[in-house]
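Listed here are the chains, written in short residue letters.
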Amino acid sequence: MVNTTERRIVVVGASLGGLRAAEQLRAAGWDGEIEVIGDEPYAPYNRPPLSKELLANPGLSADEALAKVAFRRKKQTEDVTFRLGSAVVSSNLQERVLRLADGTQVTFDGLVIASGLRARRLTAPGPMGGRHVIRTLDDSLALHSELKPGTQVVVIGAGFIGCEAAATALELGCDVTLVEGGKGPMHRPLGSDVAEAFRRRLVRRGITCLADRHVEKFEACDTDSTRVGAVVLASGERLPTEVVIEAVGSVPNVEWLEGNDLNLTDGVLCDEWLRPVGTSNVVAVGDIARFPDLRLRQTPRRIEHWATPGDTAKTAARTLTADLAGASLPDPCDALPNFWSDQFGLRISGLGSPALADELAVMEGTLDDIDAGIAVGYWRDSVLVGVVVAGLPAQRLLQYRTQLTAAAV
Amino acid sequence: MKVHVDRKLCDNHGQCAIAAPDVFRMNDDGVLEYDENITDDQVDEVEEAIDVCPVQAILLASD
Ligand SMILES: Cc1cc2nc3c(=O)[nH]c(=O)nc-3n(C[C@H](O)[C@H](O)[C@H](O)COP(=O)(O)OP(=O)(O)OC[C@H]3O[C@@H](n4cnc5c(N)ncnc54)[C@H](O)[C@@H]3O)c2cc1C
Ligand code: SF4
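Protein chains in written order, with the numbering used here: chain A, 1 to 409; chain B, 1001 to 1063.
These aren't lab readings, by the way, just hints derived from the structure by calculation. Note that the Cβ used here is the ideal one computed from N, Cα and C, for glycine as well. Take these hints with a grain of salt, some might be off.
[Claimed, not checked] Across the chosen pairs, the derived CB separations fall in these ranges:
#1 A:Val-89 x B:Val-1043: 37 to 45 Å
#2 A:Gly-173 x B:Arg-1007: 52 to 60 Å
#3 B:Thr-1039 x A:Val-362: 15 to 23 Å
#4 A:Gly-249 x B:Pro-1054: 38 to 46 Å
#5 B:Asp-1063 x A:Gly-182: 27 to 35 Å
#6 A:Gly-259 x B:Thr-1039: 21 to 29 Å
#7 B:Asn-1027 x A:Thr-299: 39 to 47 Å
#8 A:Val-232 x B:Val-1043: 39 to 47 Å
#9 A:Val-89 x B:Lys-1002: 45 to 53 Å
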C-alpha cells in the first residue's frame, strides 16, 4: 500500500453524500487526512423525514430535532475532520486549492464534490413572508411552526416533496390546496394514469388539487405587507392563503466550481467512475453528480434519490484512491436506482427508471384502489426498466426487483 | 458479531434484505426477519445493510 498519510482529501458538502464518501474512502484503504467542509451548521443528517415525520412532529427544539435525524458516526471515520458552517466559494482544480467564505485557502490532493442541491425558488413577484421551501432542518422546523390547525396552505409543485408536504399539512389540520405545475402528482416519474390515480387519492383525503396551473404573483396579506396573503395564478384564479410551500424542484450547488472548464449543465457531468469530465483526482457523489446510465445507455443524468449518495460514494471513493495511487480502476457505477415516498400512511417505492419508459401497465392490483396495494411496470422499447409499488409488503418489492434485474440487458 | 435491529425504528423498507439477503429477509407479511448471530465473513454485507437502511435501525456489536 502507498503511504498516503501525508496527503489530504477534501470533501465539499457535509450531508449524506459527503458522509458516505468519507466512510467509503476509509473502506477503500485511504489512510491520509480527510476533511469534510459543509456550509450548514449541522453534522450530516437525514433529509427524508424533513417533509414527513419531522414536519409532522410537534414541539422539538433544533437540538432535539437534529438528534432525531443525525447520521451515526462510524468508528472508521472518527478521525475525519468536519469543518461546519463554512462555505466553499471558489476553487481552482488545477492548483488544487479551495477558497472559503472567510477567505481561508484549503489545499487538497484529492477532491470529492458532494455539494448537492438547494430548493428552487419561484421568481413570481410578491412578499416573501409565509413562503417556505423544504431542503434543510431549519426549513422543516420553520415550516412546522406555521402549520397550525385551520391554517390555509397552498403547496406549489406536486413532485414527491410537494405531495408529502401537502399530506403532512393536511394531517396537521391545515386546509390544503395543491397547485400542480404539470400533468398530475408525481407525473414525471409515474406517468399520467398513475398520477391521476394518486390525485384521486389526495382529493379523497381532502386536498384541493388544481392541475396545470402556474403562479403569476403573490399578494400581500391585509394586515402585514411583508407576508403573503394570496397566490394569483396565470389562469386568473386567486387563492387566499396564509402559508405557501414552494416545492418546485431544485438547483445544483455548482457555483463554487465555475471557472474550471467543467460541464456544469444540470449538475456536474461525470464519467461512469464519477469523475467530472476533464479533471484528475476529483470525483462527485450524490444528487449533484450527472453520470452515464450503464444499464439503459441513456444520456447521463442526475438521480435525486436517497440511495444515490451511498451507491455513488462507493465507486467514487475507490476511483479516487486508485487514481491517487496510480492503481487500476474499480468497476464503474451501475447501481439500480431506488426511491420511496410516504404519503398518508402509504409507502410508494420505485425501482429502476420509470421516468424513461414509453409504456406502462398495472402488474398487480388496480389504480382505482391504490391503498389495497398496486404494482406498476414501466417498459422502454419493450424492456422492463422500472417498477413502482405502493401499499404492498416489502417482500413483493424484492420479487419485482429480481424481475427487473433479470430483464436488464 | 451480533446484529440488532431496533424494531421501534424499523419501517420494513426491505433495503437490508437486498444488501445482505442471507442475514435479513422480509417475510410474507412484509415484516423483517434476521439472524442475530453472524460470522466474520458476513460483516461486510451487514455493514452495507446498515448503510442502506433509511432509518438507521440496524446495529452491529461484537459479542
Ligand atoms: C425534504 C426532502 C425529502 C426527501 N425524501 C426522500 C425520500 O423519501 N426518498 C428518497 O429516496 N429521497 C428523498 N430525498 C432525497 C435525498 O434526501 C437526497 O437524495 C440526499 O439528501 C442527497 O444527498 P447529497 O449529500 O448528495 O446532497 P445534499 O443532501 O443536498 O447535501 C449537500 C450539502 O452540501 C452543502 N453545500 C452546498 N454547497 C456548498 C458549498 N459551496 N460549500 C460547503 N457546503 C456546501 C449543502 O448545504 C448540503 O448540506 C428527500 C430530499 C428532501 C430535501
Ligand atoms: S432496511 Fe432498515 S427499515 Fe428497512 S427492513 Fe431493514 S432494518 Fe428495517
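Asn-1027 (chain B) and Thr-299 (chain A), beta-carbon distance inside 39 to 47 Å? With a Cβ separation near 40 Å, Asn-1027 (chain B) and Thr-299 (chain A) satisfy 39 to 47 Å, so the hint holds.
Quick check on a hinted range of 52 to 60 Å for Gly-173 (chain A) and Arg-1007 (chain B), using CB atoms only. About 30 Å separates the Cβ atoms of Gly-173 (chain A) and Arg-1007 (chain B), which means 52 to 60 Å is violated.
Pairwise beta carbon distance, Gly-249 (chain A) to Pro-1054 (chain B), judged against the given window 38 to 46 Å: 22 Å, violated
Could one say that the CB atoms of Gly-259 (chain A) and Thr-1039 (chain B) fall in the range 21 to 29 Å? Since Gly-259 (chain A) and Thr-1039 (chain B) have Cβ atoms about 52 Å apart, the given range 21 to 29 Å is violated.
A range of 27 to 35 Å was offered for this pair. Does it hold for the Cβ distance of Asp-1063 (chain B) and Gly-182 (chain A)? Distance hint for Asp-1063 (chain B), Gly-182 (chain A) is violated at roughly 53 Å.
Indicate whether the distance between the beta carbons of Thr-1039 (chain B) and Val-362 (chain A) respects the range 15 to 23 Å. Hint violated: Cβ distance 42 Å, outside 15 to 23 Å.
State, for the Cβ atoms of Val-232 (chain A) and Val-1043 (chain B), whether the hinted interval 39 to 47 Å holds or is violated. Check failed, 59 Å falls outside 39 to 47 Å.
Does the hinted range 37 to 45 Å hold for Val-89 (chain A) and Val-1043 (chain B) at CB? Since Val-89 (chain A) and Val-1043 (chain B) have Cβ atoms about 41 Å apart, the given range 37 to 45 Å holds.
Is it true that Val-89 (chain A) and Lys-1002 (chain B) lie within 45 to 53 Å of each other by Cβ? 46 Å, holds
Taken one by one, the earlier hints fail for this structure at numbers 2, 3, 4, 5, 6 and 8, listed in ascending order.
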